[in-house]
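> Each chain, written out:
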Amino acid sequence: MLLGDSDLQAIVLTVKLASLVTVILFIIGTPIAWWLARTQSRWKGTLGAVVALPLVLPPSVLGFYLLLAMGPDGPLGHLTQALGIAPLPFSFEGLVFASVFYSLPFMVQPVQNAFEAIGDRPLEVAATLRASPLNAFFTVALPLAMPGFLTAGILTFAHTVGEFGVVLMIGGNIPGITRVASVQIYDHVEAMEYSEAHRLAAIMLIFSFLVLLAVYAWRPGSKRK
Amino acid sequence: MLGALDQRGNERVTQDKIKANFKVNWPGFSLAVDLVIPGRGVTALFGQSGSGKTTLLRCIAGLERAEQGFLSFKGEIWQNGNFWLPPHKRPLGYVFQEASLFPHLTVLGNLHYGRKRISEAQQTSLDPVIELFGIGHLLDRKPDRLSGGERQRVGIARALAVNPRILLMDEPLAALDLARKQEILPYLEQLRDQFDIPIIYVSHSPDEVARLADYIVALDGGAIVAEGVLTDLLSRLDFPVRLGEDAGVVLEAEVIERDERWHLARVGFPGGSLWTRDKGIPVGRKVRVRVLARDISVSNDDRDRSSILNVLPGQVDTIADDEHPGLALVRVKLGSTILIARVTKRSAFSLGLTQGQPVWLQIKSVALLE
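As you go down the protein sequences, you meet chains A and B in turn. Residue numbering for the first sequence follows our numbering, beginning at 379 and increasing consecutively. Residue numbering for the second sequence follows our numbering, beginning at 2 and increasing consecutively.
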C-alpha cells in the first residue's frame, strides 16, 4: 500500500472540505460577483477590497481573527452558543466556515470578470425580448458567464485544497476532522517521515499542476463541440 | 402646445399617437424633449452623434429611465411621475446598432427567445418574418457563423418575432459597410410597407432618413430643433441640422410614363415631372424621389442645349446662406412643390436672383428611392 490509512483519511477529508466550500461559494459568491459587476454604488470599492483581502493577508492573520470571532467571546461564538450548537473552532464546520472566507476571492473575481465582460447589452436585449431581470440573469448572464464559473470553481477547489495556515489556526490537527492533506504533510516532515511526505506531496503537486493545466488550456471563446 | 389643451382634448390628440416628455440631466449631457410621434409610419430621430437621439429612443424603450418623464403609447401610460413600466413589460421590439444576438443560442433560438415569452394568443407564425428577411437557411447556425448583414437581419427578425406594437431601431445600419447597408435597406423598406406598426428609427444618415422616414424629429444638443413631415421639413431652408452635401428635397411622386426606347421613366408630382432611369417600376406606382441641392443649377432661360434632360420652370421663393460663405441655397416653387438649388453667391448675384423671379432649373440627377 502506497499510502497509509491516515494519509487516505487526510485526502478524503481534503476533498470533502474543498467540494463543500466550492458549492457554498458558488451560492454566495455569485450574487456578490453580480453585485460587484453591475453596481455603481460607492461601496463597490470597499466590498471589492474586502473580498480581495485573503489574497494578500497572511493566512495566520485571517485565521487569528476568525478564531477570535468563533471563540466563546467572539460574535460567532455567541451565536453558536445561543443556537445551542457546538463551538466552531477545531471542528470541520469551523474549517468550512474559515475556508469560505479564505477562498472567496478565487470564486468572486473570475465570476465578476465574466459578468463584466458580458456588459449591459445582452441584458438589455433580453429586456426588450420580454425577459424579466431575474429571468435574463438565468437565461443570458449565467450561460454567457459559464467559462468564468468553470475557472472559478476549479480555482476555488484547488485553493481550498492548498490551504494550510488557516487550517492550523482554526482547526488544529485532529485526525478525520481537521487534519487535511497539507497538514498531514507537515506532520510527516515534523516526524522525519520523508518518504511518506514525498508521496503525499507528489500527489498534491500533480493535482495542482493538472488543475492549472485545465484552467490555462481551456480558452474561453474557443470553438467547442 | 399640448399643455394648453384641456384634459379631454389632450386625450383625444394622443389616443393614436406616442406622447413623450423627458428631462434627463447627466454629467456632461442633458436631454429635454416634449414631442408627439405619429402612431403609424416611420419616424426618424435625426441628428449628429451626441444630439440625444439614442438616449431619447432608450427612454422610450425603458432602457434608460429619465428622472422626469411622461410617456404614453396610444393612450397607454408607460411612464408618469413615479410610475415606470419596466422595458420587459412594454410591447415593443428593439433593434440595436450591433445586432447583439445571443452568442449561446442559434438563430432559431434567438428568434424564439422573445417569442416564447409573449402570450400564446399573440404568437403569430414566424414564417413571414423568416421569409421577409431571407434567413430560413441560417436557422441552425450560431451567430458567430453569420456575416454582419445576416446578423442584423436576424436581429431585426428577432425584434419582430415578439409581435411588437411598435418597433424601435437604433441606427441598425451604422455598424455595416456600404455594401451591407445596400443589402439591408430593401428589407427595411419591405418591413415598413408590410408590417402595420409604427417604427421609430434613429439615424444620422440623411440618405437613410430620406429613403425610409415619413416624419422627422431633428435633435441637436439634447433638444428638438425641428419636427415635421419629411417632405415639408427637407424643403425648409432653415433646416437646423447641417446636411452639407446631403441638402436637398424629397418628393412624393408617381410613375406616369415609361420610355422603353431610352430606358427612362417619368415621375410626376404636383407642379412638374422628372425623367429618371427606368428601374422597372410600373406606371401608377407611388415613388419617392430625392433631388439634392447640389444637383440643381439655376438659369434665367432654357435656351442652353445640354445633356441635361430635366429643365423645369419655377419661381424663386427665398434665398438663404449656405454653410460655406461662398454658397447660397435657393428655394424654388414649382406649383405647390418646392425644390432647393445650391448656387454660388456670385452666380446668384450675376443672375440677379430675387424673390418671385421666374427661373429655369436644370436638374442633373434624380434619385428614385423605391
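Everything labelled a hint here was simulated from the structure, so no lab data went into it. Backbone N, C-alpha and C fix where the C-beta goes; we use that ideal spot for every residue, glycine too. There may be inaccurate statements among the hints.
Stated by the list, open to error - Residues on chain A that point at chain B, a partial pick, calculated with CB under 8 Å:
id, residue
1, R416
2, P500
3, V503
4, A505
5, T506
6, L507
7, R508
8, A509
9, S510
10, P521
11, M570
12, E574
> Against this structure, judge whether each hint is valid.
For each hint, the structure was consulted:
Annotation: interface hint on R416(A) violated; nearest CB of chain B at approximately 15 Å, more than 8 Å. Taking 8 Å as the C-beta contact cut-off toward chain B, the hint placing P500(A) at the interface holds, the least distance being around 6 Å. Given hint, V503(A) at the interface with chain B, holds; its Cβ is 5 Å from that chain's nearest Cβ, closer than 8 Å. Against a cut-off of 8 Å between C-beta atoms, the interface hint on A505(A) holds, since the closest Cβ of chain B lies about 4 Å away.
Evaluation of the T506(A) hint against chain B yields a held restraint, the C-beta minimum of about 4 Å falling below 8 Å. With 8 Å as the threshold, the beta carbon of L507(A) comes within range of chain B, its nearest partner Cβ sitting at about 3 Å, so the hint holds. For R508(A), the suggested interface contact is upheld, since its CB lies about 4 Å from the closest CB of chain B, less than 8 Å. Interface restraint check: A509(A) against chain B, minimum CB-CB distance 6 Å, threshold 8 Å, status holds.
Among the interface hints, the one on S510(A) holds; its C-beta lies about 5 Å from the nearest C-beta in chain B, closer than the 8 Å criterion. At about 5 Å, the closest approach between the beta carbon of P521(A) and any beta carbon in chain B falls short of 8 Å, and the interface hint on this residue holds. For M570(A), the interface hint is violated, since its Cβ never comes within 8 Å of a Cβ in chain B; the closest pair sits about 55 Å apart. A cut of 8 Å between beta carbons decides the hint on E574(A): the least distance to chain B is about 48 Å, and the hint is violated.
Checked against the numbered hints listed earlier, the structure breaks hints 1, 11, 12; every other hint is satisfied.
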